[in-house]
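**Student:** Here the structure of chain H is known, so what remains is to put chain D in place on it, guided by the hints.
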Amino acid sequence: MSVTITVNGADHALDVDPSTPLLYVLRDDLELNGAKYGCGLGQCGACTVQIDGKPAFSCLTPVGAVAGRRIRTVEGLGSAGAPGLLQQAFEKEQAAQCGYCIAGMIMRAQALLDRNPDPDDAQIRAHMQTNLCRCGTHMRILRAVRRAVALRKGTQSAQEVRP
Amino acid sequence: MNPVPSMLSRRSFLTGGALVVSFALAPKAFAQLAGGGEGGAGPTVVAPDLKGSLKSTPWLDAWIRIDADGRVTVFTGKVELGQGIRTALIQVAAEELDIPPAVVTLVTADTERTPDEGLTAGSHSMQDSGTAIQNAAANVRMLLAAEAARDWGVPAEQVTTGGDGRLRAPDGRTLSYGDVAARLSLHVQAVPDAPLRRPSDYRTLGRELPRVDIPAKLTGGAAYLHDMRLPGMLHARVVRGPSVGTSLKSPDLDTVARMPGVVKIVRQGGFLAVVAERQWSAIQAMRHLQRAAYERAPQPPLPADGAGDAVATTLKALPARDIAIMDTSEPAGPAVCTVKARYTRPWISHGSIGPSCAIAQYLDGTMTVWTHSQGTFDVRRVVVELLGLPPEKVHAIHAEGAGCYGQNGADDVAADAAVIAKAVPGRPIRLQWMREQEFGWEPLGPGMMTELEAALGADNRIVSWTHAVWSNPHNNRPVGAGGVLAGNEADPPFPVPEGKPIPMPEGDGSRNSNPLYNFANTHVVYHFLKDMPARVSALRSLGAHLNVFSIESMLDELATAAGIDPLAIRLDHMRDERAREVMQAAADRFGWAKRPRGDGRRGCGMAFARYKNLGAYCAVAMEVEVDRETGRTLVRRAVAAVDCGQPANPDGVRNQIEGALVQSLSWTSREAVRFVADRRASFDWSSYPILRFDDVPGSVEVVVMDRPGAPFLGTAEAGQGPTAAALANAIADATGVRLRDMPLSPDRLKAAIGPV
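Protein chains in written order, with our numbering: chain H, 0 to 162; chain D, 164 to 919.
Chain H extracted, bound-state conformation (with noise of 0.2 Å):
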């Protein structure tokens, strides 16, 4: 059966069941690395990716449930050569120790800085809650975001400023 998905701007046909988890179908078919399996039950946030901008666990999304709809993944973001905002921020702070749950620590905190451009310490603890790290770089990751809206905020000044 054919589905046809959006993901970070390019349309996707894809013959495939529609009952397929978002994740295999990101990961198999597409070829995109960012979303990881952790637990197949939405309790980690490994696979965390943005659905029309919100946070969600493509581990529990079937494929069939998201045409249509606008999908971002840490791909869309940026790459290692031209990284986006986020991605200079956990670069800059080395956040990542294996690094296996940072891309859906990216995408969550995507999500928060779309509809949030100035979350304070609690705000950030609060919504990245639902990710797990077990190397313990939470406090890494905390300041990474944080670098991030700082950096937001002095490339907004920068372009103010610019005549």
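Hints are computed from structural coordinates only; laboratory data are not their basis.
As the structure is a prediction and not an experimental result, all values here were calculated from the model.
Every residue, glycine too, gets a C-beta built ideally from N, C-alpha and C.
A few of these clues could be false.
Claimed, not checked - Covered stretches of chain D, going by a simulated chain H footprint (3 or more residues, C-beta under 8 Å):
no. : stretch
1   : 234-248
2   : 353-364
3   : 550-562
Said to hold, decoys possible - Here are a few chain D residues that face chain H, going by a calculated C-beta distance under 10 Å:
no. : residue
4   : Gly-369
5   : Arg-370
6   : Gly-384
7   : Gly-395
8   : His-398
9   : Asp-472
10  : Ile-516
11  : Cys-520
12  : Leu-824
13  : Ser-827
14  : Ser-829
15  : Ile-853
16  : Arg-855
17  : Val-859
What the hints assert, rightly or not - Listing some non-contacts, in silico: residues in chain H with all C-beta distances to chain D over 10 Å:
no. : residue
18  : Gly-8
19  : Arg-124
20  : Gly-135
**Tutor:** What follows is chain D alone, placed relative to chain H:
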């Protein structure tokens, strides 16, 4: 399907079945060798005068290759586990060769390309591989300089380097490393005294280079074994009961054979797996097969569920072999204050975020296995025995996985994948375990207990100290087919080898049970328990987590009883200058002297250990706030100080210690694997909760001691024990309640505090 033999019957099989014993003995002969200090089959020492892993692999070309264009390839038998070793080793090589780190390519463990350095475990990588690469690189730089000197007709000591991959003559002539290397053979043995670069000249070592593996991890690059896609690759799932020791009674193979996309059902003895074109098809087939009823032989019984008394009851019922660890006797004054206490730790899961994964391909008689095991060469040994292949026909290659923190399912899944690949020749097989399989089947960190009794004399000196520790072996690393699940499920099964203790000074359950402090009349005994009620093996820091927790809790119990400051009682009994400096550094940065004193709600605690008494020194101080209504404890701030010798990358060290601290807080404050009569009852993150963002400290600060040129000391595990004890000590300071049984959970603290 054949029931999986229980642990006990496997042992009976070992004693009764001479035929099978012969299989297991050969690998076991290796088991006590180096191997990264955690079991495993370590390589043989052939050059004892050399440093680090040069002892077992003394040839320079085994470590370093310089191409004509100046590109340098460095080979290590250690692997990246998320600890940053890849970047640290590149820094070591770049420094001693005196070249830019960007020209170095590092190849990690691969049975056909790199030295066998045993396991990547026990915080040994910098000591073993970092030291080997440092000295190999110094040897190579010395040979390059000598060759250039011959060319120029100048004394070798007048040839210099400038960090750019060129050799310089006194008159300004230069030659590139590539040109000079082309005339040299590096197939020579290292010499022990090649001069190392002076720390004051360092360009790369000790600098905070960004980790080379991080960009791909942030952007969806191919960063993990899980991300490999080989042409024609099939997806497999292994089918097992809910946890170790169970077996499915009659899985519905007929229905699954007809399911669309299913390529093959692999069933050999007690081993069962499904192979499909698509991952989701394999998962659906696995789920269908898992609907079968399961059974478990009633013996041996699983550990009693719960913590504290449950742990003690389970362990004390097992036959023990007593191993003397330390006995000193000296004249000391009479005791005026004696404290006796029992401390326990429950079984703990590694809890990797990514369930274990492997890819295997059996092509033209050769088995290739991509694995994220800590023991790439052990994976080959296991597969060789399991499948009866000649060693030269098995190629194991490391590729990074999710953090493992010890022996999780990585070795098992690699063996599983190889069994499946052998049955489906030609096509690569990708196998990932499911979340509940990782929780249900991986070896756990063993439950443990200690009993301590210590006495203070009139001068506040400790006049006697006894420490007894009960533990299963933490050293069940597979070095043959009996060490992996697929081997136990084979027909006939390879028996689980009998667990062995790791001797001191590294130790396993005994690790860090010998205090570094100078106590009079110290008696330490290890009650080694070879019979394992739960499948267990190495978890980050092994016995040091509970032993340091016990020693450092007891010190505070004595200090409290005698009204001594916790820092003072430690310094008063510590002669090791570096240990004193680390404690003082943590205390100074924390503001120990002016800390808020326990007021029923807030309090502070500290603790110290030198990992294995021969690795990194680490002191931790923290301030907690306890909610007396709920027993919930929040760490407001934590400070750690660490001395790991010359830090290769200080930010890498901080990252490791921050992580160790947060992970140990999670273990110590909330984690315990649950059991019911016939299986583990922790199978997901709701039945095995770990620390989340709401519960991490307000701040964590790490002071890295500057030790220019000092030998590398392993860092990654140094924080586990001190963090655990600092938490218990801070809670005791805050509330007056001493918790001795992990986890130091809100329920337990609330029960101890009583009604508000």
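**Student:** Give a verdict on every hint.
**Tutor:** Quick rundown of the hints versus the structure:
| no. | hint | verdict |
| --- | --- | --- |
| 1 | 234-248 | holds (count 4) |
| 2 | 353-364 | violated (count 0) |
| 3 | 550-562 | violated (count 0) |
| 4 | Gly-369 | violated (16 Å) |
| 5 | Arg-370 | violated (13 Å) |
| 6 | Gly-384 | holds (6 Å) |
| 7 | Gly-395 | violated (13 Å) |
| 8 | His-398 | holds (8 Å) |
| 9 | Asp-472 | violated (29 Å) |
| 10 | Ile-516 | holds (5 Å) |
| 11 | Cys-520 | holds (9 Å) |
| 12 | Leu-824 | holds (7 Å) |
| 13 | Ser-827 | holds (8 Å) |
| 14 | Ser-829 | holds (7 Å) |
| 15 | Ile-853 | holds (6 Å) |
| 16 | Arg-855 | holds (5 Å) |
| 17 | Val-859 | holds (4 Å) |
| 18 | Gly-8 | holds (15 Å) |
| 19 | Arg-124 | violated (5 Å) |
| 20 | Gly-135 | violated (3 Å) |
Comparing the model with each numbered hint stated earlier shows that hints 2, 3, 4, 5, 7, 9, 19, 20 do not hold.
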